[in-house]
Amino acid sequence: DARVTQTPRDKVTEMGQEVTMRCQPILGHNTVFWYRQTMMQGLELLAYFRNRAPLDDSGMPKDRFSAEMPDATLATLKIQPSEPRDSAVYFCASGLGVNTEAFFGQGTRLTVV
Amino acid sequence: GENVEQHPSTLSVQEGDSAVIKCTYSDSASNYFPWYKQELGKRPQLIIDIRSNVGEKKDQRIAVTLNKTAKHFSLHITETQPEDSAVYFCAASRGTGNQFYFGTGTSLTVIP
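These protein sequence lines map, in sequence, to chains A and B.
Position 58 (the first sequence) corresponds to 68 in this note's numbering; numbering is contiguous.
Position 93 (the second sequence) corresponds to 94 in this note's numbering; numbering is contiguous.
Check each hint, because a few of them may be wrong.
To be verified - Below 20 Å or equal to it, Euclidean Cα-Cα: the simulated EDC-like pairs (lysine to aspartate or glutamate) are:
id, chain 1, residue 1, chain 2, residue 2
1, B, K58, A, D20
2, A, K88, A, D20
3, B, K59, A, D20
4, B, K43, A, E54
To be verified - Chain B residues, not near chain A, derived (Cβ > 10 Å throughout):
id, residue
5, L47
6, D50
7, V55
8, T70
9, P83
10, S94
11, Q100
12, T105
13, I112
Rather than coming from a laboratory, the hints here were simulated on the basis of the structure.
Where is the CB? At the ideal position from N, CA and C, for every residue including glycine.
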């Protein structure tokens with residue numbers, strides 16, 4: 011049963027620290043998304059990649075967030091420096107292309123204190 | 002960009018009754034409309050989707066309807082069961098780039 015794998019599942023960190031979240035998309039999927047979920051904002055798209063190239067990161071605060079795909083099996087989302095308002099669940103999802111299902115990972119619950 | 006609105010934000014129904022969740026979208030170029038179900042503490046998972054060349058699609062107790070002219074689509078759950086309790090998200094995509102725009106979610110509670 012192919013799944014999107016995210017690590018860590020939970021992260022508690024102090025304000026100002028760097029946070030790195032990792033995602034392993036389903037093998038063969040060529041599209042990767044990063045979403046942030048909060049009670050107030052729902053599911054916000056932060057960035058997405060097609061064939062490892064960033065297509066849209068307009069939803070991501072550029073001053074502190076960065077997203078990369080070093081290779082086809084790994085996507086990373088970094089926050090530096092982290093702030094309490096970044097506390098949320100961060101989901102990675104992958105898909106096969108246009109108008110197909112996006113498969114979500116289990117999410118990383120980030121708490122910044 | 003696309004703007005997806007979803008109503009209601011919360012919905013309670015008695016077990017066995019039907020539940021309807023409605024979404025509107027703004028981008029007439031959107032042509033793919035998936036629905037995701039998210040149980041508490043879990044990941045969103047696709048339950049049904051519809052493409053713009055179809056007006057209605059059914060899968061057992063779940064159906065989705067699409068009105069492209071009015072730019073709205075709806076999720077219908079019949080004979081609701083307690084395990085249908087979850088948050089449901091609609092989404093729209095125009096295909097190019099496969100970027101999804103999600104609604105704000107509907108928290109459905111099915112009362113036994």
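Against the structure, the hints:
no.: 1; hint: B:K58 to A:D20; in the structure: 38 Å, violated
no.: 2; hint: A:K88 to A:D20; in the structure: 15 Å, holds
no.: 3; hint: B:K59 to A:D20; in the structure: 37 Å, violated
no.: 4; hint: B:K43 to A:E54; in the structure: 17 Å, holds
no.: 5; hint: L47; in the structure: 5 Å, violated
no.: 6; hint: D50; in the structure: 7 Å, violated
no.: 7; hint: V55; in the structure: 12 Å, holds
no.: 8; hint: T70; in the structure: 20 Å, holds
no.: 9; hint: P83; in the structure: 23 Å, holds
no.: 10; hint: S94; in the structure: 6 Å, violated
no.: 11; hint: Q100; in the structure: 6 Å, violated
no.: 12; hint: T105; in the structure: 4 Å, violated
no.: 13; hint: I112; in the structure: 23 Å, holds
In this structure, the earlier hints numbered 1, 3, 5, 6, 10, 11, 12 are contradicted, and the remaining ones agree with it.
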